[in-house]
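Respectively, the protein sequence lines represent chains A and B.
Those letters in the first sequence? Residues 15 to 147, by my numbering.
Those letters in the second sequence? Residues 223 to 802, by my numbering.
Any given hint could turn out to be false.
[What the hints assert, rightly or not] Covered stretches of chain A, going by a simulated chain B footprint (3 or more residues, C-beta under 8 Å):
{"id": "1", "stretch": "23 to 37"}
{"id": "2", "stretch": "56 to 62"}
{"id": "3", "stretch": "76 to 83"}
{"id": "4", "stretch": "125 to 133"}
[To be verified] Computed list of chain A residues with no C-beta within reach of chain B, every gap over 10 Å:
{"id": "5", "residue": "Glu50"}
{"id": "6", "residue": "Ala66"}
{"id": "7", "residue": "Ser112"}
{"id": "8", "residue": "Lys144"}
Hints listed in this document are in silico derivations from the structure and should not be mistaken for laboratory results.
From the three backbone atoms N, C-alpha and C, an ideal C-beta is built for every residue, glycine too.
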Amino acid sequence: MNQGKKIRVLVAKPGLDGHDRGAKVVAFGLRDAGFEVVYTGLRQTPEMIASAAIQEDVDVVGLSILSGAHLSLTQRVLQNLRAKGAGDKMVLVGGIISPADAGKLKEMGVAEVFIPGTSIKSIADFIKSKFTG
Amino acid sequence: MKEDLEKVRQEKTRWGEKTLKAALERFKLKESPTQFYAPSDLDDGFNFLEQVGFPGQYPFTAGTYPTFPYLTGERGSGGIAQAKGLVRAGRYSGYGAPEDTRDYYLHMRKLGSRTGPNIAFDLPTQCGYDSDSPMASGEVGRVGVAVDTLRDMEVIFEAFSGENDIDRTASNFTINAPANILMAMYMALAEKRGISRDKLRATPQNDILKEFVARGTYIFPPRPSMRMFRDSLVFISKHLPNVNITSIGGYHIREAGATREQDLAFSLAIGAAYLQEGVNAGLAVDAFAPRFTFNAFGGSMEFFKEVAFHRAARRMWAKLLKEKFGAKNERSMTLRVPLTVYPGNFNCTVQRPLNNLVRSVVGGIAAAMAGGAPNCYPPYDEPLGLGWSLEAIQLSEDAARILQHEAKLVEVTDPLAGSYYVESLTNQIESAAWTEFEKIQKMGGAVAAIESGYMQREVAKSAYDRQKKLEEGKELIVGVNCFLGESELEVSTTRLVAHPYDPQRRDEAERVQITHLKETKEKRDHKAVGLLLKELKVAAQKEEVNLIPHLLECVKAYATLQEMCDILREVFGEYRPAAL
Chain A
15 MNQGKKIRVL
25 VAKPGLDGHD
35 RGAKVVAFGL
45 RDAGFEVVYT
55 GLRQTPEMIA
65 SAAIQEDVDV
75 VGLSILSGAH
85 LSLTQRVLQN
95 LRAKGAGDKM
105 VLVGGIISPA
115 DAGKLKEMGV
125 AEVFIPGTSI
135 KSIADFIKSK
145 FTG
Chain B
223 MKEDLEKVRQ
233 EKTRWGEKTL
243 KAALERFKLK
253 ESPTQFYAPS
263 DLDDGFNFLE
273 QVGFPGQYPF
283 TAGTYPTFPY
293 LTGERGSGGI
303 AQAKGLVRAG
313 RYSGYGAPED
323 TRDYYLHMRK
333 LGSRTGPNIA
343 FDLPTQCGYD
353 SDSPMASGEV
363 GRVGVAVDTL
373 RDMEVIFEAF
383 SGENDIDRTA
393 SNFTINAPAN
403 ILMAMYMALA
413 EKRGISRDKL
423 RATPQNDILK
433 EFVARGTYIF
443 PPRPSMRMFR
453 DSLVFISKHL
463 PNVNITSIGG
473 YHIREAGATR
483 EQDLAFSLAI
493 GAAYLQEGVN
503 AGLAVDAFAP
513 RFTFNAFGGS
523 MEFFKEVAFH
533 RAARRMWAKL
543 LKEKFGAKNE
553 RSMTLRVPLT
563 VYPGNFNCTV
573 QRPLNNLVRS
583 VVGGIAAAMA
593 GGAPNCYPPY
603 DEPLGLGWSL
613 EAIQLSEDAA
623 RILQHEAKLV
633 EVTDPLAGSY
643 YVESLTNQIE
653 SAAWTEFEKI
663 QKMGGAVAAI
673 ESGYMQREVA
683 KSAYDRQKKL
693 EEGKELIVGV
703 NCFLGESELE
713 VSTTRLVAHP
723 YDPQRRDEAE
733 RVQITHLKET
743 KEKRDHKAVG
753 LLLKELKVAA
763 QKEEVNLIPH
773 LLECVKAYAT
783 LQEMCDILRE
793 VFGEYRPAAL
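Given the sequences, and given the hints that come with them, work out the whole structure.
Written out as structure tokens, the structure reads:
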């Protein structure tokens, strides 16, 4: 990570899902909590997200998915990051995700899954604990 | 009267200084946590005929219809009555490949459902991609059914033939950017069945402007999108007398974060922009406005404010039509909407999810107070993932039945009419919404306010404000940001009755549908499709041409949804959102 600099986060919307309230709110909230935040906007392919993560030199990639397509989309983002040599970036997923699927996502290599009702503070605390701990 | 009001005003001041003050001192409060409304709180006095009127009459504050035979007992009806011999579209549904959705509808029929299809399409279909597109990968058949060609509509509608054929059954299509393509498919289906177009009953959502503000299934930029809207408005008005032109949805904007006043002002501004398209096309407003419908408005747990909101919405739409558009037919002025107050999907919680049943019942009671059916929406498992369980649907329907038959809530229309509080709240919400509406008109109307990103930014800002209030504990959601102590029981729920759609079929749907698409493409006359697509392109380049007849020809030749959308993308371009 960028020593002494702000933690950089990419908030991304993979796939065709247009529900972006959560993504935007988390982007605003993390920015106000002292992170550097880049928001991709809608309809990003896994390839586009991995490229943006590298180009923007982020430490964290946050994926927001409410379409039920989280397993396949997250898998592809992780594959793309690894293929581009960026497999060390922390990947977080937010959305309507069942406990069973959250388990599967963590097995794939996702650091944490955040469901509706999560406070931005707890997301910020989680990220900080991983980078300063 | 005036003297009486003055006396009440004086008495209220005295009450505040004496009786109320004593209570505040006793509880050591600086200000009162409760309000009391007296006749003197209605700013301009109160004129019943002007501000409320009778149900089914201008300005429709009391209700859209003079009376209403609510049918909350009927399975899947959504509590909406229907004329004898006709079948209304029912619950929003659509799964996997077309075969899956057909089988779901057949299964629901066996379970007693007597409603038409209210089709949810998957995201690739909504965004103009075929099932074999790389953009569709992982999303085919997920949030709804996949439709690539006319063949897929033929399969879905195998569930609607014979006694419930499409001349007797109303269909709803939750489709926006490619709405005209789906309507062309529906007309082609009718033609194949020998049913004349004027018998078709349907409601395409066809509300593209809100897609730019919320929900996000846009394809083309706002201006060419409005040309597509104009084509549908003109075509439907001339050829499809029983089809609704649009189903305008403020609730998506609210779900995306809008405040009550933004929801109302943005939806009315969007509605006004659609009306203007019809006027600009040379039609009389009364020739098409009666076929405008609304999907839903609102979505919050604030009981009285939501009741007032719906009363204000009906009055504002009526005034807009009468005063700004010069409508003469009262039906043009009615805000036809199947759902009134509901708690808002956003406010339903994953945490202790059965509490959502309580939330939906509060919404159902408010709905009855607001001149609607006491629908208890959504089923409690809404936030647990896509597809409500049958038991959640049962409880949702039972809740509405209890409100109607046991609590007898629908015996009176607009029971809060004349309430000092509710009338004053209705006025306040209306006035704030008109202020915002006029602001948008000054920007050049809804299209301009979307092109500049104004509406999108305002909604995002409001969403963040709400989040901050939740994090600061200024707004409370039980089980989410309060009442989380160790003594609270984390009541969870097990959904024992399986959803009628087998999840294994969902996992197979993408592969299955890509195979069907390949087969359909192999069977069709490629040369004919190519020629028709070229003609579509030429037609699209001429702003004044109505594209629906061209789309109909393409559809009949089994051109795919994406082939048609790609042609239009070449001509119209694609929408790129304004920065946050």
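Okay, the hints, checked on the actual structure:
1. 23 to 37: Held - the stretch 23 to 37 of chain A has 7 residues with a Cβ nearer than 8 Å to chain B, which meets the minimum of three.
2. 56 to 62: With 3 residues close enough to chain B, the hint holds.
3. 76 to 83: holds (count 3)
4. 125 to 133: holds (count 4)
5. Glu50: Label holds. Min Cβ-Cβ 15 Å, cutoff 10 Å.
6. Ala66: 15 Å, holds
7. Ser112: With a cut-off of 10 Å, Ser112(A) comes too close to chain B, as the shortest Cβ separation is near 6 Å.
8. Lys144: With a cut-off of 10 Å, Lys144(A) remains clear of chain B, as the shortest Cβ separation is near 21 Å.
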